[in-house]
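Protein chains: 4
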Amino acid sequence: MATRSMSRWETSIAEVVSDGDREEIIIRGHQLDDLIGKLSFAEMMFLMLQSRLPTAAETHVLDALLVASVEHGIAPPSMVARCYASYGTSLPAAVGAGISAFGDKMGGLGEQMGRMMVERLVGHNDDVADDDLQTIAAQVVTDYRRNNERVPGYGIPLHNKDPRAPRTLEVAIREGCFKRYCRFAMILEQEIAIARDGRAVPMNLDGVSACVALDLGFDWRTIRMFLLTARSVSMGAHYLEEQAQDTTWRHAKADTILYSEPT
Amino acid sequence: MATRSMSRWETSIAEVVSDGDREEIIIRGHQLDDLIGKLSFAEMMFLMLQSRLPTAAETHVLDALLVASVEHGIAPPSMVARCYASYGTSLPAAVGAGISAFGDKMGGLGEQMGRMMVERLVGHNDDVADDDLQTIAAQVVTDYRRNNERVPGYGIPLHNKDPRAPRTLEVAIREGCFKRYCRFAMILEQEIAIARDGRAVPMNLDGVSACVALDLGFDWRTIRMFLLTARSVSMGAHYLEEQAQDTTWRHAKADTILYSEPT
Amino acid sequence: MATRSMSRWETSIAEVVSDGDREEIIIRGHQLDDLIGKLSFAEMMFLMLQSRLPTAAETHVLDALLVASVEHGIAPPSMVARCYASYGTSLPAAVGAGISAFGDKMGGLGEQMGRMMVERLVGHNDDVADDDLQTIAAQVVTDYRRNNERVPGYGIPLHNKDPRAPRTLEVAIREGCFKRYCRFAMILEQEIAIARDGRAVPMNLDGVSACVALDLGFDWRTIRMFLLTARSVSMGAHYLEEQAQDTTWRHAKADTILYSEPT
Amino acid sequence: MATRSMSRWETSIAEVVSDGDREEIIIRGHQLDDLIGKLSFAEMMFLMLQSRLPTAAETHVLDALLVASVEHGIAPPSMVARCYASYGTSLPAAVGAGISAFGDKMGGLGEQMGRMMVERLVGHNDDVADDDLQTIAAQVVTDYRRNNERVPGYGIPLHNKDPRAPRTLEVAIREGCFKRYCRFAMILEQEIAIARDGRAVPMNLDGVSACVALDLGFDWRTIRMFLLTARSVSMGAHYLEEQAQDTTWRHAKADTILYSEPT
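Protein chains in written order, with my numbering: chain A, 117 to 379; chain B, 117 to 379; chain C, 117 to 379; chain D, 117 to 379.
For the record, the hints were derived by calculation from the structure and aren't laboratory data.
Here the structure is a predicted model, which means the values were calculated and not measured.
Among the hints, erroneous ones may be present.
One copy or two, it doesn't matter: identical chains are merged, so the pair holds either way.
[To be verified] In silico lysine-lysine, DSS-like type, Cα no more than 27 angstroms apart, as pairs:
id : residue 1 : residue 2
1  : Lys277    : Lys154
2  : Lys277    : Lys369
3  : Lys295    : Lys277
4  : Lys221    : Lys277
5  : Lys221    : Lys154
6  : Lys369    : Lys154
7  : Lys295    : Lys369
When you get a sec, could you build the whole thing from the sequences and use the hints?
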């Protein structure tokens, strides 16, 4: 751990060159000029976070995950963005506040699930047998239940099942990117149901983000980025729609507030 | 202008359905299940903000713009994100703060330029003649100089020229998306140089975002989104790199601070 | 306007000294050690923003303004803070998002009113006659009406009148701090009513913040600080109350959302 | 844990009444009108967070803590605020981002220390003997060292000792508010030094916030508020100073950045 001055930075992400002759931006070893017009956004995001270019199949899966993550209607972060519009606050502040709303209970469970899966599958590669995954999954379920906690990545408030997970997994299968983490996540879903006497708690968007991202080679620490980046589009769209509706003071009506006496 | 309760929302962006039989997310009239695995992220972003799907050419240009916008090294917003990592703050808070750093001088000029272009080209379509664009551009330059202001979208601190603009415009030309706003922006660049006795102030990323987005049919109010969404990737990458460097207290060293007596 | 490196800072607010012998923090020319235990928070805030210590009377008025500004129930910024608590987001992120929610329509009107008053009263001191203030006020009302705008600082959504303004002005009168800006703000209130055939639009918290702060000698650019700092307490209190209520997913119920077809 | 609609809120903090006859804001059971002009800001903050009014002595100690926390020069959060000013971002966004910068390593250690002290002193009241506190403190030091962690609330980067802690504790002693948590914190400081062969790690601002706040009766969850609220003043002051300096693009100079090859 190092106390470091703001006058010393070190990065391998990008080099910005500006001298008499050269005006260059070099990203992960590539001239940006060579990437513009050649890469899609998903390929660029992959390059930024993994320092290598994805295959076409990997790109398709990442695009599927990002598309699945873009929008979820009048949901909490888009409501924050809409409120900001209503109060005459700027678009960047609104998008920023919507993004920073994601916390441990909302949007953060994919990272927790990803970390847990990485820790539990240490020493295994994609050749791991289903039986082994099942043994590990059963242990995970047991451990969480013993701590009276829910396995992260499954279940969704307000829905019976999250429609985004199965479709994204189908794309991963189609593209040959359904590997040990996706397999493990599916087996975990089964084990959770078994432990609940058959009542399923289907995988949610957090969960599918975790297993798909890990099978694409991403570090578990990056898992939240796919939601944050994708959902920023939603916050912008909702901000602009609310602004066009010209509301001025989003508020809770008095009759929705219960005032309890101070104790 | 309407004071509106938080108990009444109206949107045409997305409908989330969850009842006994149906679990559906409908975005801009499309089943999300039909979009996952079919659309790229750029196509989805286009759909979200314009309510229609782009052509392949439009998608290529939007991808080029997003790729050009993703990363600019140790720049102010990524530094904010890195500082947050150094202080043990969460990733979403870091990305949120980096995004909300964009203001009127940084990242906001594309919107200003876009709005100005829309207002100045009112009544013109893509058939407008170069001569007419030149007359309008000369007037714009005169007006801004009279107010002692700079035309937004041109020039960049720390660089002689912004290498991202010309390459993005090449892609727009290649894909047949170089229309009246791109043409106008190029002619404006010439008029600015003429007014400065030939000293060029090349178009920057803000500028190319504005003209390219308008020629793709986006509302000028959405122009900042391409930077905010794309750059969120940068903030995540820098946050994670700083975290891996395990710094703990980014600060300004005492000898970089000049303490002036209170007046 | 100066491009400035992050390696060069200049400040007259505080000097932090740490060398072998000395460990000192000097704020606006005072040793912090001499201020701790001697100043109240309001005196310290006054010193920070004006570089001088207030009189007892000025302190009482500033305290009154801050107390008036601390809390307004389940209002938009405290709702944002409560939502963050509900999503498992951190307290600092919640307070930060609540503060950054304040925009042009909410919390920003005091600054606009303050700036307008400073500009309109240029050349006048506290000896200005009521008649002159009335002439200027009538002109202000005329000018805003001509632009189809409301004079900032008057009226409040959801209330008939803002109960916080009259009480704070009483304190200013009691403490001898009711000077040209408070007088002007009261006369403006009268002129607004006259222009509306007697229907009053009473001064609100924004308005009283503006005139009281100016009469205390604050720059108009600081006016929003009294709300931001004071209200941060509210955001913390609401965050903690919501956290104690253990809610987990604040959301809008489906039946409060109207989905309109995309156009 | 309860999923709760945004159409149902419950609070005992404040009731806002606005009907034909009454315009009232009732805070923790008090009419706001009765508090304006009577309470100081610190008293109001105390009321908000503890639902009771403080004694004069308690108010003096809280004021001391807030004054100690207001400003620390060109420190990370004020730098973020100054950068925002430099980029043309709004004051509320700047203050908000400065506040949300506080994380686990910066500004969050007081809460951790407070929680630890509450847990370790369970079952003890202010009559606890010094010997007992010493036994518990020695165990705390042992436990943290075994986990290879530092006891939160002691030591400060860039300083030999934090000058704010001893002075604030003096005020607590003077006012008769130096009770079991302050005593415990002092004894902990001694035990830390003993475990390091006499090399002291003096209590810092986080530490003194924790023990002083607990001895004032605050819940450990509120400890960060004293820093967040107080420091918001600093962020405003630095924002306004930077804005007056008219900088336009705070950045890291190229020669302060080391570009390492992607691995």
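Okay, the hints, checked on the actual structure:
no.	hint	result
1	Lys277 - Lys154	between (38 angstroms within a copy, 22 angstroms between copies)
2	Lys277 - Lys369	between (32 angstroms within a copy, 17 angstroms between copies)
3	Lys295 - Lys277	within (23 angstroms within a copy, 46 angstroms between copies)
4	Lys221 - Lys277	within (17 angstroms within a copy, 38 angstroms between copies)
5	Lys221 - Lys154	neither (38 angstroms within a copy, 30 angstroms between copies)
6	Lys369 - Lys154	neither (52 angstroms within a copy, 30 angstroms between copies)
7	Lys295 - Lys369	neither (50 angstroms within a copy, 37 angstroms between copies)
Hints 5, 6, 7, counting from the list given before, are not met by this structure.
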